[in-house]
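Student: I would like the entire structure built from these sequences, with the hints used as guidance.
Using our numbering, read the sequence shown as starting at 44 and increasing by one per residue.
Hint data in this document are derived by calculation from the structure and do not stem from the laboratory.
These numbers were taken from a predicted model, which means no experiment stands behind them.
Worth double-checking, as some hints may not be accurate.
Unchecked claim - Straight line, CA to CA, 25 Å or less: simulated SDA-like cross-link-like pairs of lysine to any residue: (1) K66 / N103; (2) K66 / Y54; (3) K66 / A80; (4) K66 / N45; (5) K66 / I47; (6) K66 / E96; (7) K66 / V88.
Unchecked claim - Restraint-style ranges between C-beta atoms, simulated for each label pair: (8) M44 / E104: 13 to 21 Å; (9) L46 / T67: 12 to 20 Å; (10) N107 / R52: 28 to 36 Å; (11) M44 / S87: 14 to 22 Å.
We put the CB at the ideal spot given by N, CA and C, even for glycine.
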Amino acid sequence: MNLIYLGSRAYGVADAAHAYFSKTPEELTLGEAATLAGVVPAPSVYSPRQNLELATRRRNEVLN
44 MNLIYLGSRA YGVADAAHAY FSKTPEELTL GEAATLAGVV PAPSVYSPRQ
94 NLELATRRRN EVLN
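Tutor: Encoded structure:
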């Protein structure tokens, strides 16, 4: 997970946590962590910055 591109010029969980939520990975909530996991298949599609509604639906799929 620390080498995967997660969008917004972020490679890995630490970069993505900072880029999307201004947090360290340890500070992420379950929902935020699920959002990052949901971005993996298509960062440009599931980015919460570009399409919050779609990112939220994807997050919910990950949580389910």
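Student: List in ascending order the numbers of the hints, as given earlier, that are violated by the structure.
Tutor: Nothing - there is no hint that the structure violates, so all of them hold.
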